Every structure is written in C-alpha cells, then in structure tokens.
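As they're listed, the protein sequences go chains A and B. Position 58 (the first sequence) corresponds to 58 in my numbering; numbering is contiguous. Position 28 (the second sequence) corresponds to 28 in my numbering; numbering is contiguous.
Worth flagging that the hints you see were computed from the coordinates, not collected in a lab. The model shown is predicted, which means the values in this text are computed figures rather than measured ones. A portion of the hints provided could be inaccurate.
[To be verified] Distance windows between CB atoms, simulated:
{"id": "1", "chain 1": "B", "residue 1": "L12", "chain 2": "A", "residue 2": "E131", "range": "28 to 38 Å"}
{"id": "2", "chain 1": "A", "residue 1": "H196", "chain 2": "B", "residue 2": "V16", "range": "40 to 50 Å"}
{"id": "3", "chain 1": "B", "residue 1": "G13", "chain 2": "A", "residue 2": "E131", "range": "33 to 43 Å"}
[What the hints assert, rightly or not] In silico DMTMM-like cross-links for lysine to aspartate or glutamate, where the CA-CA straight-line distance does not exceed 20 Å:
{"id": "4", "chain 1": "B", "residue 1": "K203", "chain 2": "B", "residue 2": "E193"}
{"id": "5", "chain 1": "B", "residue 1": "K327", "chain 2": "B", "residue 2": "E312"}
{"id": "6", "chain 1": "A", "residue 1": "K98", "chain 2": "B", "residue 2": "E400"}
{"id": "7", "chain 1": "B", "residue 1": "K282", "chain 2": "B", "residue 2": "E67"}
{"id": "8", "chain 1": "B", "residue 1": "K327", "chain 2": "A", "residue 2": "D119"}
{"id": "9", "chain 1": "B", "residue 1": "K397", "chain 2": "B", "residue 2": "E312"}
{"id": "10", "chain 1": "B", "residue 1": "K282", "chain 2": "B", "residue 2": "E270"}
{"id": "11", "chain 1": "A", "residue 1": "K98", "chain 2": "B", "residue 2": "E312"}
{"id": "12", "chain 1": "B", "residue 1": "K6", "chain 2": "A", "residue 2": "E143"}
{"id": "13", "chain 1": "A", "residue 1": "K231", "chain 2": "A", "residue 2": "D208"}
{"id": "14", "chain 1": "B", "residue 1": "K224", "chain 2": "B", "residue 2": "E193"}
{"id": "15", "chain 1": "B", "residue 1": "K203", "chain 2": "B", "residue 2": "E228"}
We put the CB at the ideal spot given by N, CA and C, even for glycine.
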Amino acid sequence: MNESPAIEAIDLTKVYGSGNTEVVAMRNASMTVRRGEVVALLGPSGSGKSTFLTAVGLINPPTSGRIRIGGHQVLDGPLAQANLTAFRRQHVGFVFQKSNLIPFLNARENVQIALELNDSSPRAARQRALELLEELGVRDRSENLPSMLSGGQQQRVALARALANQPSILLADEPTAALDSGNGRQVMELFARLAHEHGTGVIVVTHDQRALSVFDTIYEMEDGILNLQPKEAVV
Amino acid sequence: MNLALKDIRHNLGRFVLTTIGVGMLLMVVMGMAGIYRGVVEDATLLIDRIGTDLWVVQHDTRGPFAEVSRVPASLVHRVRAVPGVRDSREFVYHTIQRERDGKPFRMAVLGLSWPSDKGDWVPLIAGRPLAQNHFEMIADVSLGVRLDERLSFGKETYRVVGITRNMISSGGDGIAFFTVVDAEAIQFDSSGEAVRLERAARKGRGERSEIGTKLPSLVEQAAKPSGELPAIARPQISAVMVQVAPGTSVEQVAATISGWSDVSVHTRSEQAEFLLKGSVDKARRQLGLFRVLLTLIAAIIMALILYTLTLEKIHSIALLQLIGARKPVILGLILQQALMLGFGGYAIAYLLGQRLFPLFPRRVIVTGDDLLQLAVIVLAISFASSVLGIWKALLVKPNEALS
Ligand SMILES: Nc1ncnc2c1ncn2[C@@H]1O[C@H](COP(=O)(O)OP(=O)(O)OP(=O)(O)O)[C@@H](O)[C@H]1O
Ligand SMILES: [Mg+2]
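Let's have the full structure, built from the sequences with the hints guiding it.
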C-alpha cells in the first residue's frame with residue numbers, strides 16, 4: 001500500500017467576502033492525516049470547522065495554502081489540478097449531518113451510482129454496493145428509499161457510499177448530530193473500524209464529547225485557528 | 001443506472017399526467033396536419049375521379065370548384081365540334097343548404113349528363129348508378145342517407161339508389177349526383193307564385209316597349225312558360241368537361257378553345273391547383289398557425305415541468321456533483337427526461353389519434369411524412385424545453401449539498 005499520508009493540508013487560509021464584509025474563517029490551518037488514522041475536529045459554532053473540511057475536500061477551495069491527497073499535489077495556492085471533479089471522485093468521500101442520499105434512489109442505488117460514476121460496470125457496481133451495505137449492516141434495507149430508512153440507517157448508507165471508491169480520505173461533518181447518542185456512538189465506531197480496515201484517513205467534525213475515545217487524534221478549531229489537542233487532556 | 005428513469009419513477013403520477021397533457025396537445029397538432037391532408041385529398045379525389053381532360057369555364061374564372069362559373073348549355077356542342085375532342089359533357093355543380101329533420105342539411109349537387117353519363121365512374125360502396133333520367137340520386141355516406149331513402153328537394157322526391165364514400169366538396173359537404181336536368185331543377189326551383197310573377201313582369205315589359213305595341217302577338221308570347229320561349233335561354237351550366245381523343249394532345253385542344261374569347265379552359269391539374277391554392281390554402285394557413293401555437297404551448301408546458309423537476313432535484317444534483325458526477329451526467333439526466341416526455345407524448349398522440357380521428361366530421365389523414373415531421377418537431381421542442389432546466393442545473397455548485 002502507498003505509504004504517503006492520506007492528506008496533508010499546509011497553511012490553509014480562507015477569506016470570505018472582501019473589504020468591509022471580509023471574514024477570515026480559517027488562518028494558516030495545517031493538518032496531516034495518516035492512512036487509517038481517525039481524526040476528530042472539535043470547536044465552537046462558527047469557528048471554521050466546515051470551512052476547513054470543505055477546503056480539504058476541494059469543494060470550497062482555500063484562498064491560499066497547499067493540499068496533497070494520497071501523495072498527489074492537488075492544490076498549491078491558486079494553482080489547482082485541472083480536473084478536481086475527477087480527483088474528488090476517486091480520492092475523497094463525504095458524509096454530512098443529513099440529507100446525504102439522493103431521495104429518488106434506493107439504498108443500494110445510492111451506493112451503486114457512486115461506483116458507476118467512477119466507471120464501474122453496473123453489474124460489478126451492484127455487487128460491490130451490496131457487499132458494502134452488508135459490511136455496514138444495512139443490506140436488508142438495500143431496496144428501500146432513503147425516506148423509509150431511520151437516521152442511523154441513512155448515515156450507514158451514506159458511509160457505504162463514501163467508502164465505495166476506496167478514497168484516500170473520508171470527510172464527515174457532524175455525521176451523528178441527527179442521531180441519538182447510542183446510535184451516534186455506533187456510527188462513530190463504524191467510522192473508526194472501517195478507517196482502520198480500509199486504510200482510509202478520516203476527519204470527523206463533531207460536538208459529541210462522549211464518543212471521543214474512538215479517535216486516534218483530536219484537533220480543535222477556535223476562531224479560524226487549528227490546534228492539535230493532546231488526547232488525554234480531552235477524553 | 002439510468003438516473004432519469006429513477007427520478008421519473010419517483011415522480012410518476014405528475015410525470016404521467018404531464019405526458020398525457022403533452023400527448024393530447026400533440027394529438028391536436030397531428031390532427032390539424034391530418035385535417036389539411038384530408039381537405040387536399042378530398043379536393044383532388046373529386047377532380048381525379050371525374051377524370052376529365054379539360055374544363056371549359058366562364059371567361060377568366062377559375063372553374064366550378066373555386067368560384068361560380070356560368071356558361072351556356074350550348075357550349076357543349078361547340079366544344080364537341082373542336083378537332084381532337086372525343087366527348088364533351090355538361091357539368092352542373094352547386095351547393096345547397098336545406099333543412100332535414102330540423103337540422104341544416106348541406107349538400108353539393110353534381111349533375112351527370114344523362115344518358116352519356118349515368119355515373120358509372122362514381123365509386124359506389126352500395127347500390128347502383130342512375131338508371132333513369134329523373135328522380136334518382138347517388139349520395140355520399142357522409143350525408144347520412146340510406147339506400148332507398150326518399151328525399152324531397154323543390155317540388156320533387158328523389159330516391160337514393162347508390163352510396164359513395166369520401167366524395168366530398170372542397171367545403172366539406174357530401175356530394176350527391178343527379179342527372180343534369182334534376183340538378184338544375186333543384187338549383188332553380190322556384191315557387192308557382194314566383195313563376196307567375198315573372199311571367200306577368202315579362203308581359204308588362206312587353207306592353208310598355210315599342211316592339212310590344214307594334215307586335216301585340218309577341219306580348220302574348222311573353223306570358224308563356226320560359227321553356228317555350230325561343231328568346232329565353234336554357235338554364236346555364238357550370239362548365240363543360242372535355243375528353244380528348246386518344247392520340248391527340250391535350251395542349252393542342254386547349255390551345256384551340258382558349259382562342260375563344262367568351263370562355264377559359266383549364267387542364268385537370270390546373271383545376272386541382274386552383275382548388276388547392278384557393279380555399280384549401282387558407283385552411284392550410286389557418287391550421288398551420290394553430291399548429292405552431294399548439295406546438296409552442298406544448299413546449300412551454302414541457303419546459304415548465306422540466307424546470308420544476310430540476311428545481312426539486314437541486315440538492316440531488318449537488319450531491320451527484322459532490323460524488324463526482326461530471327456535467328454531461330447532469331445534462332443527460334434532464335435531456336433524457338425531456339425526450340421521454342416528448343416522445344411519451346408523441347406515442348400517446350399517435351395512439352389516441354388512431355382512435356379519435358375516425359370520429360371527426362371531416363377526413364383526417366395522417367401520413368408517414370407528417371408523422372416524421374412531427375417527430376422532428378417533438379425532438380426540437382424536447383431540446384428547447386430542457387434548456388431552462390439545464391441552465392438551472394449547471395448553476396448548482398457541489399457545496400450546495402451541504403445545506
Ligand atoms: N459562504 C460564506 N460567506 C461568508 N462567510 C462565511 C461563509 N461560510 C461561512 N462563513 C463564515 O465563516 C466562519 C466559519 O464558518 P463555518 O461554517 O466554517 O463554521 P463551523 O465551525 O462549521 O460552525 P458550525 O459548528 O456552526 O457548523 C463563520 O463566521 C461564518 O459566518
Ligand atoms: Mg459547520
């Protein structure tokens with residue numbers, strides 16, 4: 001397996017707006033996540049957690065800074081790799097707080113589409129989608145539409161889809177916020193287990209202090225500044 | 001996996017209803033082309049069936065189908081004397097509107113020159129041609145008459161002996177065939193009082209004129225029935241039909257007759273063309289305009305539904321982009337839905353039309369060419385109507401999936 005880090009973010013800064021309305025949402029944030037490492041990102045509301053996550057996920061590029069994903073230099077200040085969409089498809093998985101699933105596709109199809117968009121044959125994609133749902137314990141709901149699944153089941157399907165293309169890095173923004181604590185902890189444990197098994201780097205934004213023991217590393221964000229926290233101090 | 005189909009499956013009811021609506025609009029568009037074809041077909045069918053080589057009509061008129069033409073009955077004999085003419089017949093044609101069972105009854109009356117023409121050329125679906133020179137008629141089935149039914153026109157009663165199909169005037173009325181004499185009797189029927197008044201008027205004019213005073217016997221004559229008066233012409237006819245002898249060129253005969261300054265002569269194809277360029281052309285333009293309008297309405301409805309379907313999918317489109325869908329995937333999703341809507345509607349239009357068009361009062365002929373043309377139009381409006389939705393979809397950014 002490639003031993004380069006899952007992601008290296010160096011000196012990321014994000015400025016929204018300009019002039020009077022300028023907001024510096026993130027300042028010189030740096031983070032390295034190894035393959036299989038599970039990172040928690042804590043911090044008060046409005047501190048810039050989502051900004052950091054979407055920046056490293058290449059959907060909301062930073063104003064300045066460098067990003068390497070799976071050993072590929074994808075962003076160097078204003079210079080971005082030509083096809084970020086293709087790169088994102090292969091290397092980055094996302095899970096959000098809610099509404100992660102396409103409502104007109106059933107659970108299996110939601111996973112399958114991610115594989116098909118990455119040039120899998122429909123037959124292989126279907127097979128793989130069912131395997132992933134099995135692994136996440138929602139195989140029996142594979143033909144149900146998202147509206148017929150519980151919140152926890154929806155997040156498991158979303159996780160299956162995020163992992164479908166074996167990304168280098170998995171980014172999750174408060175994935176358990178809409179779940180009760182028991183379910184939330186289960187999903188968090190699932191993240192950790194799968195990250196270790198698949199060798200995927202994971203960054204999870206969370207407010208849930210109780211689930212922190214599953215994480216390898218903990219960062220905290222405050223007013224746009226990112227700091228590594230000693231795990232013992234938080235847990 | 002076909003995203004367009006999956007989304008439609010999710011919104012099935014709305015999609016099906018819209019498709020049916022679009023289908024009905026397209027059916028009307030299809031029907032209008034068919035009505036026009038029917039009008040043309042009816043018009044040319046009659047001229048083709050009559051099958052005469054030349055039409056001699058009133059000077060500078062366009063013939064009996066396009067406008068009123070009046071020529072003297074004696075023209076038949078003049079024409080027959082032209083070298084190369086095998087046969088000439090009188091043609092009497094006019095439209096009447098009477099009342100039947102309390103409803104208006106419109107009928108085009110066509111006179112056959114008995115005894116040379118008994119209507120043997122008229123394609124019958126029942127009955128027989130005329131067998132006597134009075135009180136028999138062949139009627140089109142669209143007139144709603146039955147074989148052996150008796151109908152009164154003027155002072156006489158006529159028996160239906162034959163039935164035709166699709167013998168329709170350019171005005172859309174069924175044609176009935178009579179002998180020329182009967183046809184004229186129907187056309188010029190006037191009441192006894194009108195006849196008596198006309199005779200008295202003639203007598204009065206004679207008495208006042210100088211010639212009347214000098215020749216009193218002439219005034220006496222003037223009061224007699226018109227038919228007995230040498231000075232009063234026989235009723236005029238609409239046109240003379242000319243059959244050219246085999247081996248003689250039609251142009252040559254036409255050239256001879258066109259030298260006469262009191263009449264005009266037209267070939268069969270000219271006659272058909274007058275009809276198509278005249279009244280039929282107006283119908284064509286009117287129907288054409290409606291077709292354009294309805295096509296536009298169909299396009300707008302399609303655009304609207306595709307736009308709303310897209311609006312509802314904004315989040316899904318953002319998610320799709322987030323998991324790496326390229327623009328063509330999103331574009332294809334909307335375009336495919338547009339095409340499904342368009343061609344679903346087209347199929348409904350076709351199937352519905354097959355059942356409904358035969359019930360229309362006038363013939364609706366849907367030709368392969370027209371179907372193809374409509375398919376191209378549907379293709380075009382499908383593309384056009386998806387523009388709005390595609391434009392909206394392309395503005396979606398992947399980070400909208402987060403909200
Ligand atoms: N599109 C934007 N335009 C302008 N300012 C923005 C935009 N998005 C975020 N911000 C600002 O950037 C700062 C960081 O926002 P961000 O969403 O990253 O916070 P967060 O840590 O994720 O908060 P929460 O826990 O509430 O989700 C906030 O002050 C916010 O108002
Ligand atoms: Mg946030």
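A quick look at each hint next to the structure:
no. : hint                         : verdict
1   : B:L12 <-> A:E131: 28 to 38 Å : 30 Å, holds
2   : A:H196 <-> B:V16: 40 to 50 Å : 49 Å, holds
3   : B:G13 <-> A:E131: 33 to 43 Å : 35 Å, holds
4   : B:K203 <-> B:E193            : 15 Å, holds
5   : B:K327 <-> B:E312            : 18 Å, holds
6   : A:K98 <-> B:E400             : 13 Å, holds
7   : B:K282 <-> B:E67             : 15 Å, holds
8   : B:K327 <-> A:D119            : 15 Å, holds
9   : B:K397 <-> B:E312            : 15 Å, holds
10  : B:K282 <-> B:E270            : 18 Å, holds
11  : A:K98 <-> B:E312             : 17 Å, holds
12  : B:K6 <-> A:E143              : 13 Å, holds
13  : A:K231 <-> A:D208            : 15 Å, holds
14  : B:K224 <-> B:E193            : 14 Å, holds
15  : B:K203 <-> B:E228            : 15 Å, holds
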